[in-house]
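**Q** Here are the chains, one letter per residue:
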Amino acid sequence: MRETLRAALTIYAKDVRLELRTRETLFSVLAFALVVAFIFTFAFEPSPQLIASIGPGIVWVAYIFTAVLGINRTFLLEHERGTLDGLRLAPVPREALYLGKLLSVVTLLVTVEALMLPAFLVLYDLSLFNVWFIAIAFAATVGIAAVGTLFSAIAVHTRAREVLLPILFLPVALPLLIGAVTGSREALDGEGWSGVGGWLQLIVAFDIVFLVLSSLVFEYVLEE
Amino acid sequence: MTTADAAPAKGGTGIWRLGLLLVAGVLVLIDMYLIFGYAPTERSMGIVQRLFYFHVPVILTSFLSFALAALGSVLYLVRRNRAWDRLAYASAEVGVVFFTSAIITGAVWAKPVWNTWWVWDANGTLTFVLWLIFIGYLMVRAYAPDAERGRRWSAVTAIIGAATVPFVYMAADWWGGLHPERVTGPGAQGSLEREMLLTLLFSFVTFIVLFAALIAERYALRSDEDAIEELRLAAA
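Protein sequence lines, in the order shown, are assigned to chains R and B.
Going by the numbering used here, the first residue of the first sequence is number 33, and it counts up by one from there.
Going by the numbering used here, the first residue of the second sequence is number 4, and it counts up by one from there.
Possibly wrong hints are sitting among the right ones.
Residues on chain B that point at chain R, a partial pick, calculated with CB under 7 Å [said to hold, decoys possible]: (1) L80; (2) V81; (3) I107; (4) W117; (5) W121; (6) I136; (7) P148; (8) R155; (9) W156; (10) V159; (11) I163; (12) A166; (13) T167; (14) A174; (15) G179.
Hints are computed from structural coordinates only; laboratory data are not their basis.
C-beta atoms are modelled at their ideal positions from N, C-alpha and C, and glycine is treated no differently.
All chains should be modelled from the sequences, with the hints used to inform the complete structure.
**A** Listed below in structure tokens is the structure:
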């Protein structure tokens, strides 16, 4: 167990170092998130009343599309440069590889989501600095990363990479999206645990089930 | 992978399959008579209610196909016996057809009765999500770089899809709770007439036999494909 964790952290550290040196993924994904958020301004001509009802939806559509884009890149470098073969040969448990990539994805998505908070404030006058919203967003992001990392390891090797990931990932992530949008709306309406708690529990249960299941089946995805 | 495992279907199973297909055909004809000639017209919904005998068995058979695909996938990954993969693949292929019919009949029925083509309640949402997951399953197989990885990856897709079922159901159910417009519907009516019940039960049997016949056909086709692949590998 400790060995798994150490190997996972090593892979994670590699991804973070790579990103800090190139700064490729973070900025391209962030730019995409901004474009999605900005497009909605013209799609809806949002008034304050409209934002109160569709605001959480806009936020989560922007987040989940951004997640698809970011997750698609998870194994892309590994695939293009043959790093995956090296990682596969490394004498570490397969779960370590999954956990390491999962941590990278969570870090990337949480960073982009946090950097988007001021953008939503400016574009829509939508203040998301709310402890319940942040709890929902973090829990949902873990679930998105758990499913997304697994499917991206499949999609990256296929011919229809960009299309296949969202088709596999979005239907499975639907409960997360429903929970995140509805839970966020409750949170922004000023509800506490009574309104948000049920959705948060659903999302956390999803996270646990899919973290365990994905790390179990990950070896069947990688195996040559 | 053993040679015996991928052996071509014997002549005997071919006759057996043909028999099953014939039985299914006869049952469908009788079922059509029962649905359109025997069952009485429902008083409030009228003629469109006859879709009920088609829609409900097809929905249940669709869910059965998903259960079979998930079961076959788990057993394939654990045992590595190609027979389980063939079962899962056949279930997914037939399942897509059944899910599509279920969605179309559901929409055609919902429009006159609920005045909307589609209701995102727990059942509708789950049906739609599973249909998408089956499409993803078939796409993974089609786009995988080789058949072996296609088998493994599609099995993983089916397993993850099966795990999401309770979450989709619960999330859609709670979410639907915020939209309480829908109180009436086919599920809300009283007890069925005897003729209606009989027709419904007969429809269940018909569609399950039809489903089994189609699965057997696709399974046999996959067996032949596996055998050809085996021969090609042996020749190379």
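**Q** Which hint numbers doesn't this structure obey?
**A** 2, 3, 4, 5 and 15
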